[in-house]
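Engineer: Sequence:
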Amino acid sequence: MLLMKVVYLLLFLLLLKWLPSYAGAMPIIKEPKSSCVVINQVYFTPLRLFPLVTSKHVSEWKSALEGLCASDETLLVYADYLNQQLAEVGYITSYIHYPQQNLLFGVLYVDLIAGKLQGIEFQDGVDTGWSLANAFPLQRGDVVHLHQLNQGLANLRNTQLVPYQIQIISDNERDNMNQLIIQRTAVRAFKGRLLFESKQSQEQPNQVISQVVMLANPLLLNDFFFFSLDSDIGQGTSKKFKSASLLYSIPYHYWLLSFYAGYQESTAYKNIQLFDQIALKNDLRNRLLLMQAEYVLHRSLNSTTSASVGAQVQTLDVFLNNYRLKTQQRFSSYGLFGLSHKRDFLQGSVAVSIIYKQSLDWFGSTRKQTTGLDRARIYQFSADYQRQFTFMNQPMYHSHEVELQLSHAKLDPLLEVNTITGRFGIRGFTGSLPIENAGENTLKIKNEWGWLLPWQEHKFYSGLDFASTSSERARFWQKNKLLGGEVGIQGQYKRMGYKVFFELPLWYSSTIKADPILLGAKLSIDY
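Residue numbering for the sequence shown follows full-length UniProt numbering, beginning at 1 and increasing consecutively.
The set of hints was computed from the structure by calculation and includes no laboratory data. As the structure is a computational prediction, the values presented were derived from the model and not from experiment. A couple of the hints might just be wrong.
Here are the computed distance ranges between Cβ atoms for each label pair [said to hold, decoys possible]: (1) 390 x 328: 12 to 20 angstroms; (2) 346 x 74: 31 to 39 angstroms; (3) 458 x 329: 42 to 50 angstroms; (4) 400 x 56: 46 to 54 angstroms; (5) 218 x 140: 27 to 35 angstroms.
Virtual Cβ for every residue (Gly too), placed ideally from N, Cα, C.
All chains, please: the whole structure from these sequences, using the hints.
Structural biologist: Dropping the structure here:
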């Protein structure tokens, strides 16, 4: 009997030692700070409302607490951690909540309270029809995600001239419904620019005047309209240049639809040796029509990846002394497919794109009849890097661009060749130089360094460009190499802008005739 009493006494003492810790797990919020409960499992509900929360996220969130002895303070810190993790995933209006529970067997249940959309409206109260519905890929009742907000904000900013900001008003008493308030300074906007440029060139007009017109949100669909008109001025008739271009873009959720049309007319007099040397007027008239649709594949806080598909139609007419040369007339069509990625980082950005351009026998293409060339298959690669930095306590910047074009077949020299000189070429070579055996494969590298002057919107800059071209794809970077530079200063004072610069060819083949040092100036007026 004595032995049995001793056994019962030991069991009673062990029971007293175990009961306090188990009983303390029931009202964990009211327990002293020193008490804790070992968490064996953590369950999150409902995860189906959060598709971007992956199994990897859930595993990391669980491992942060499972196996630890959690007190009130521990659970509060864990709640802050989970709210921060939800925000990093993108659910900035959602939060976590601990339901009433006793933590039986060390099991913790966590409710994810989804922040849903109540509505979207402009702060000024002006209803612009489909503007907000087209911009934001969200509907009433959807869980609000940061990527969707960034996409909608990017669509609104497609207008370019009107700044936008988003304010979120949350109502936790109504199932965490959120109202998006869009702040803007105007419904529509207009901007124009008159530009005068003077630059010496043997093949291009010395003076050109340009007119640029931009309309923001003309149809109240977050659309953007751009129009430019260029024309030479002066008394000389040996070099003429006229061009016009039009761009219209409209976004819809993750899509951006663009329409571009361009026209260019250039005139030059070429000496032809017949019985006597005579100068004949040679006119080239180019037309281009491009329709493109771009879709955002992925958008994060600081990067965007998109794919594009489009169709392009291009024509060329050649006139000799005002007579059209039917045998030289071109009409070509192309299909375009592209991928692009852009990433923003501290004080800079980088953008990369790849475009595949395929010649097509659509819309009455005359490629076979006119040139007899095979279908053009062109690969275009481009990369752009920009960054600001500080040197000796002075704000500086540098930018670098790389453009590479490769072709499987011989290209039309009047329509498809990517020239490395002239208006869209490298600095230091203003004219379209006659480069032998060139055009199919090209490489252009543009570099610029600048000093941001203490006066607002003024800078001193210098540029160094390199280019090469050849019909031999295996060694195109070794043929017809050009190196040019530019130094200048530019700035803006109120509505007046200026730029003074000089360009010079630094290195080129002896068979190429290039202009010497070129001095140029630009003056612009905004209105």
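Engineer: Run every hint past the structure and note whether it holds.
Structural biologist: Results for each hint:
1. 390 x 328: 12 to 20 angstroms: violated, 55 angstroms
2. 346 x 74: 31 to 39 angstroms: holds, 35 angstroms
3. 458 x 329: 42 to 50 angstroms: holds, 48 angstroms
4. 400 x 56: 46 to 54 angstroms: With a Cβ separation near 36 angstroms, residue 400 and residue 56 fall outside 46 to 54 angstroms, so the hint is violated.
5. 218 x 140: 27 to 35 angstroms: For residue 140 against residue 218, whose Cβ atoms are near 28 angstroms apart, the range 27 to 35 angstroms holds.
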